[in-house]
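Residue-level listing of the chains:
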Amino acid sequence: MIEISSPTQQDRIIELLTAINTDDVTFTFKEKKGISLYFETNASDLEEAAKIAKSAIKAEPWGTVLYFRSVPCN
Amino acid sequence: MNALTLWLEKYFLPIAGKIGGQKHLVALRDAFIGTIPATMAGSVAVMINAIIRDLPPQFFDGYDGNSIPIIREIIGINGFVWNGTLAIAGLIFVFSWGYNLAKAYGVNELSGGIVSTAATVAGLTFSFSGTLSGLSLDEGTIASINEAGWAATATDITAGGWGWIPLGNLNGNLFFTAMIIGFVSTIIFAKLMLANITIKLPDTVPPAVSKAFAAIIPATVALYVASIFYFVFSKLVPGMTFLDWIQETIARPLLGLSQGFGAVILVTLFVQLFWFFGIHGPNVLAPILEGVFGVAQIENINLFQQGGTELVLEKGYMWVRGSFDAYSWFGGSGGTIVLIIAIIMFSKRKDYRTVANLSVGPGIFNINEPIMFGLPIVLNPVMFFPFLLAPVVSVSIGYFATIAGLVDPVSQQVAWVTPPFLLSFLATGADWRAPIVTLVAMLSSFVIWVPFVMAANKVEPESAESAQE
Numbered sequence: 001m002i003e004i005s006s007p008t009q010q011d012r013i014i015e016l017l018t019a020i021n022t023d024d025v026t027f028t029f030k031e032k033k034g035i036s037l038y039f040e041t042n043a044s045d046l047e048e049a050a051k052i053a054k055s056a057i058k059a060e061p062w063g064t065v066l067y068f069r070s071v072p073c074n
Numbered sequence: 001m002n003a004l005t006l007w008l009e010k011y012f013l014p015i016a017g018k019i020g021g022q023k024h025l026v027a028l029r030d031a032f033i034g035t036i037p038a039t040m041a042g043s044v045a046v047m048i049n050a051i052i053r054d055l056p057p058q059f060f061d062g063y064d065g066n067s068i069p070i071i072r073e074i075i076g077i078n079g080f081v082w083n084g085t086l087a088i089a090g091l092i093f094v095f096s097w098g099y100n101l102a103k104a105y106g107v108n109e110l111s112g113g114i115v116s117t118a119a120t121v122a123g124l125t126f127s128f129s130g131t132l133s134g135l136s137l138d139e140g141t142i143a144s145i146n147e148a149g150w151a152a153t154a155t156d157i158t159a160g161g162w163g164w165i166p167l168g169n170l171n172g173n174l175f176f177t178a179m180i181i182g183f184v185s186t187i188i189f190a191k192l193m194l195a196n197i198t199i200k201l202p203d204t205v206p207p208a209v210s211k212a213f214a215a216i217i218p219a220t221v222a223l224y225v226a227s228i229f230y231f232v233f234s235k236l237v238p239g240m241t242f243l244d245w246i247q248e249t250i251a252r253p254l255l256g257l258s259q260g261f262g263a264v265i266l267v268t269l270f271v272q273l274f275w276f277f278g279i280h281g282p283n284v285l286a287p288i289l290e291g292v293f294g295v296a297q298i299e300n301i302n303l304f305q306q307g308g309t310e311l312v313l314e315k316g317y318m319w320v321r322g323s324f325d326a327y328s329w330f331g332g333s334g335g336t337i338v339l340i341i342a343i344i345m346f347s348k349r350k351d352y353r354t355v356a357n358l359s360v361g362p363g364i365f366n367i368n369e370p371i372m373f374g375l376p377i378v379l380n381p382v383m384f385f386p387f388l389l390a391p392v393v394s395v396s397i398g399y400f401a402t403i404a405g406l407v408d409p410v411s412q413q414v415a416w417v418t419p420p421f422l423l424s425f426l427a428t429g430a431d432w433r434a435p436i437v438t439l440v441a442m443l444s445s446f447v448i449w450v451p452f453v454m455a456a457n458k459v460e461p462e463s464a465e466s467a468q469e
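Residue numbers (the numbering used here), protein chains in the order written: chain G, 1 to 74; chain P, 1 to 469.
Heads up, a few of these hints could be off.
No farther apart than 25 Å at their CA atoms in a straight line, the calculated lysine to aspartate or glutamate pairs in the DMTMM-like style are these [unchecked claim]:
| no. | chain 1 | residue 1 | chain 2 | residue 2 |
| --- | --- | --- | --- | --- |
| 1 | G | K32 | G | E15 |
| 2 | G | K58 | P | D156 |
| 3 | G | K51 | P | E73 |
With beta-carbon atoms standing in for the labels, derived distance ranges [as the list claims (entries may be wrong)]:
| no. | chain 1 | residue 1 | chain 2 | residue 2 | range |
| --- | --- | --- | --- | --- | --- |
| 4 | P | G405 | G | E31 | 48 to 58 Å |
| 5 | P | P202 | G | F29 | 47 to 57 Å |
| 6 | P | L201 | G | C73 | 51 to 61 Å |
| 7 | G | E15 | P | V459 | 30 to 40 Å |
| 8 | G | D45 | P | G405 | 47 to 57 Å |
| 9 | P | F270 | G | S44 | 36 to 46 Å |
| 10 | G | F29 | P | R353 | 28 to 38 Å |
| 11 | P | N66 | G | C73 | 51 to 61 Å |
| 12 | P | K348 | G | S55 | 34 to 44 Å |
| 13 | G | S55 | P | I436 | 38 to 48 Å |
Simulated from the structure, these hints should not be mistaken for laboratory data. None of these values were measured; they are calculated from a predicted model. Ideal placement from N, C-alpha and C gives every residue a C-beta, glycine not left out.
Please construct the entire structure, taking both the sequences and the accompanying hints into account.
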């Protein structure tokens with residue numbers, strides 16, 4: 001599981017990450033707690049999955065100015 | 001809080017997003033960031049000289065680093081490093097600017113950097129002149145001087161020469177001119193490249209050659225446009241280069257405005273507001289933070305290298321980019337290392353204490369994501385007021401301490417991950433009073449944070465969470 005902490009653009013983040021469907025990694029939205037969004041992932045390397053999620057968000061026009069955190073969690 | 005977030009998403013974030021994602025502003029930010037390897041290396045050289053040359057005389061009478069073996073050599077080597085970095089910081093920037101602009105337009109980056117550099121340098125003065133008056137020269141001396149190419153009379157010598165670019169045209173003074181000329185010339189270059197007005201070579205020609213040839217027409221047009229502009233300008237404003245004019249009419253007034261208390265506080269407030277609502281404040285405000293306060297900092301570093309703190313005090317800027325780091329953003333934006341200490345001392349909440357304990361290590365190096373998102377501070381109504389107020393107070397303390405001469409202005413570039421007290425000590429050219437000012441600023445922030453940490457003791461974790469939803 002990975003945790004994305006962002007106070008804004010949460011709907012877009014969910015939409016973006018759940019649309020990622022590569023051979024290596026997919027994300028499934030699990031729940032929202034406060035500013036944190038939790039995603040299940042099929043990736044074995046959670047650190048790498050968190051990095052992929054972060055890169056995907058930062059690549060979006062609305063993501064360039066976001067201050068957010070993407071970290072692995074249990 | 002949810003309504004506020006929605007409102008922000010609808011009206012505020014798009015504006016911030018446009019500023020933060022605007023390709024020219026992103027290129028400008030990246031151009032400044034791109035110069036960091038050079039400016040940081042130059043700053044290290046200046047800082048080492050400050051420690052081994054300028055600091056010891058304050059404590060040891062008769063100390064002269066230039067007369068001590070090894071120290072003397074190190075000072076000399078540092079001088080060379082400075083020559084190739086901060087002394088020509090503007091020249092390095094103008095290449096980086098053209099490179100990043102060309103990259104933003106998806107055209108040949110290297111050519112973009114070259115065009116930007118060439119177009120900007122084209123308008124600089126290539127000569128020097130100076131007059132000495134009140135002399136008493138004999139006929140022989142006058143004849144020798146005139147024969148050498150200078151002009152001498154019985155009382156004056158006017159020296160001049162061609163083929164010299166003043167260093168003052170290549171350092172921090174070049175930044176604003178570079179921003180304008182580098183921008184226009186690179187845009188012309190990029191537009192012509194995109195319009196495919198290029199020389200096309202057969203596929204058999206190696207790509208490097210083909211790319212260079214493709215850039216010839218756009219680069220030539222861009223350089224001629226800049227040069228025609230310089231020519232017209234020299235006719236309209238004789239006796240002044242475009243750089244001198246920009247310095248007089250735009251750069252100095254703008255840098256002067258940045259030195260006002262209101263401007264400093266406004267920038268501090270906006271950075272905090274952006275952070276609080278989950279927007280990367282320094283990224284969005286990079287054109288101001290780097291383009292104005294960053295330029296002022298480079299000016300200060302160069303002045304320090306040339307004449308130490310005295311020259312910075314005489315001709316430099318009181319508040320520069322690094323001043324925020326030194327007196328306000330200890331532990332990260334918001335001065336959050338103070339909050340961590342306050343939580344460890346006064347919080348009764350297990351969740352707060354756990355996050356604070358985990359945040360101490362990164363916080364010492366000014367990394368505050370763990371506390372910002374772990375507590376969280378972001379969108380936490382309890383933390384809104386102190387998160388905004390504490391930096392305003394600490395910036396004010398640093399600002400007025402500097403203005404009042406209680407501490408030297410920041411005159412060195414220090415990596416932002418340097419721990420707080422060491423950061424302000426080094427940033428001010430090893431002024432021992434700087435860590436004391438930082439401590440006072442920290443204590444003031446502490447007083448602001450503590451009541452809110454204690455108030456948070458009365459808030460159940462669940463209710464705090466729901467306030468953010």
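Hint check:
no., hint, verdict
1, G:K32 x G:E15, "14 Å, holds"
2, G:K58 x P:D156, "64 Å, violated"
3, G:K51 x P:E73, "46 Å, violated"
4, P:G405 x G:E31: 48 to 58 Å, "56 Å, holds"
5, P:P202 x G:F29: 47 to 57 Å, "54 Å, holds"
6, P:L201 x G:C73: 51 to 61 Å, "55 Å, holds"
7, G:E15 x P:V459: 30 to 40 Å, "32 Å, holds"
8, G:D45 x P:G405: 47 to 57 Å, "55 Å, holds"
9, P:F270 x G:S44: 36 to 46 Å, "42 Å, holds"
10, G:F29 x P:R353: 28 to 38 Å, "31 Å, holds"
11, P:N66 x G:C73: 51 to 61 Å, "57 Å, holds"
12, P:K348 x G:S55: 34 to 44 Å, "39 Å, holds"
13, G:S55 x P:I436: 38 to 48 Å, "43 Å, holds"
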